[in-house]
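All chains should be modelled from the sequences, with the hints used to inform the complete structure.
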Amino acid sequence: MDRILENFITTLRRSGVRVSVAETMDALRAAELSGYGDRGALKDFLAASLAKSLLEKKMFEVCFRHFFAIDDVVGEDFPIENTPTPPAVQGTAFLTQAFLAGDGGGLTLAFNEAAGRVDIGSIQSPTQKGLYMQRIFQELGLESLDRDIQRLTEEGGQEALAQARFLEVMRDNLIARVRNLIERQLELYARRRSEELSEGYMRSARLSALEERDLARIHRLVQKMVKQLKDRYSRRQKAARRGHLDFKKTLRQSVTYGGLPFDIRWKSKKMERPEIVAICDVSRSVSNVVRFFLLILYSLNEAISRIRSFTFCSNLVEVSHLFEKYPLIEALARLKSGAGLPILMNRTDYGISLCDFRDQYSDCLTKRTTVIILGDARNNYWNPRTEALRFIAERCKRLIWLNPETPSLWGSGDSEMEAYLPYCTMARECNTLGHLEKVVEYLLRKN
Amino acid sequence: MSIVTEKFSTVESVRLGLKDVGYIATKQIAHTVYLAFHLGKPILVEGPAGVGKTELSKAAASFMGVPLIRLQCYEGLDESKALYEWKYGKQLLYTQLLKDKLNRIIEGETSLAESIDRLHQYDDIFFSPQFLEPRPLLKALQEKDGAVLLVDEVDKSDDEFEAFLLEILSDFQVSIPEIGTIEATSRPFVFLTSNSTRELGEALRRRCLHLYISFPDQKLEREIVRTRVPGISERLTGQLVSFIHQVRKLDIKKLPSVSETIDWAKTLVLLHAENLDRDLVRETLNTFLKAQEDIRITEEKLHTLTEHALREAT
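Going down the list, the protein sequences come from chains L and C.
Anchor point for the first sequence: position 278 equals 278 in this note's numbering, and the numbering is continuous, going up by one each time.
Anchor point for the second sequence: position 179 equals 179 in this note's numbering, and the numbering is continuous, going up by one each time.
You can take every hint at face value.
Below, a sample of chain L positions facing chain C; criterion: calculated Cβ distance under 10 Å:
(1) Arg29
(2) Gly40
(3) Asp44
(4) Tyr257
Read the hints as simulated data drawn from the structure, not as lab findings.
Just so we're clear, the structure is a prediction, and the values are computed from it rather than from any experiment.
Yeah, the Cβ is synthetic: ideal placement off N, Cα and C, and Gly gets one too.
Okay, structure coming up:
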């Protein structure tokens, strides 16, 4: 029976439910407790031990329904009860014997094994239906059943004829069931491939499949990045500082205890929440990556509560409220087009935008703030106003510039990247997920 | 423990047992609780607010006849609040009381080093279990006959605390540097609840059984109301549950939860209502709708909703 569970878990994994080895062990024990007889119990038990979020629960539901439907094909009511009295069963074929003996369990087992041997799970297209059916029939030995029926009919006699008729009914039954099984398998596995399965859950966000996947990765990466920013002040760091006696505090405390240094105080670093200010270029020069930038921005907004986001083109506007108000797609569209925002979509002006930020929003910069600028620094030969960036850099903890262009292009043409570079704590090329990953890794290494 | 094991002999006995203590469990809930008991795993319960996540663990505790130990999570919760703390006051008081005794011990020692050596023979006295203040997690481990440990709203705690929780949930033991390792005498039955304000770590999810409780269907909710609000008529129950289910389909900010259905039912019983009618509903809307905007939206459709509820319940 374990093989069934193993197959089921493989199906789950292919559908995108992450199942660990430990969970497989749990599922095994759970299946032992419930047995395969009670479908309801089995389903709840497996769901509890394998699917660990609402999304996974939904995928589990679909997989379970399809997967265990195979069993139902044979498992449920194989109507063998009105077996004709079997005096002399001359048939040698396994199927003949099983049918005549009313051995439903044996049939189920044989059926499952046959399905397993022909590897029905790898069926991919409707054109393969005939092939797989033939293979299963072969495995089950349908031919010898046919021969037995033939022989019984030729033999004549009331009993033999009755047997032959019964076997014919059973054979048709079996064929129907095999066809049914293959249909369901096809539905299950082909659907899995064509991503129809996930469509239902992703419907709320109508991104193309590729972007959806990317978004998930961006989400993960950004979360990792945020976590890393948070972790600077995390448990481990606090523990590491435990050995440092805070002499001043301890002395001060000892006054309460009559001068005895009873309550010993240790040096500890204050916990800080990361504060992030994200500034994103949405001009035409970065149009091919702007969506990617905005996805990063959106993920950042979802991951951190204390974040303020700005976009700019000819001038700079705050967009933090957009992320709360609109779902992803709408927010992206609005940000990209600037609809409903007091943003001028003329030629990019980094100088004005940075000054805008300095003049209007510099109060959100503190010693704890990390400023992330996403942009190519192509300034259309306007004044770069580096003093504004300097002002920002001096007032924040660190300034990270993510540029979609390769470093060799920085400073070429109207790119002012070289002028801005001295004020950045870190400047990186970033136009693919791989780059983003590298940025995160770099941040990790720094610690 | 054998009595408890007996209570968990079948899924049905779990379901009925929970019902006896006033918790109407769906098959799915009963199955998960049963499984968690037999696998000795914690259950992570998720679902919308007010569907009885916390209530489930309370019911489980009284069903098993063990104490419920609750740890409410919040941002900034740390080990000293969750696990243990030293009783500083007691330690201080004792040193003061024992001052003479201490003086006598180091009497006769001439140098400082010798005095300290002498004191070292007793050094751990003030860091013994008597001076330990157990917090919920440690308390749950120390319960002799087992306990139900409820870690409520685990999503509100910090990542670090979550990692720390993992440690306890996998081994059911904690180490206190001054005393040593304390192991659970009998493993507590652990429930974790989450409202998904923050995505929980994969590791924590993987270590628990997962239960998603959604709003109950009408039949179940009627049964819940009947159990929790004795003396309510069959007809009224049907009507109000049907009404609530329609409201849940509306596009409003906060959907009425099961606990609010119960509140409403209690209110209606107090008002000696026999049937729902529009005025009655309008006057009591605020028992299950908590936002002005929601009330406005519902009031607009009051007529159709009430009519439908009355029709459906007959």
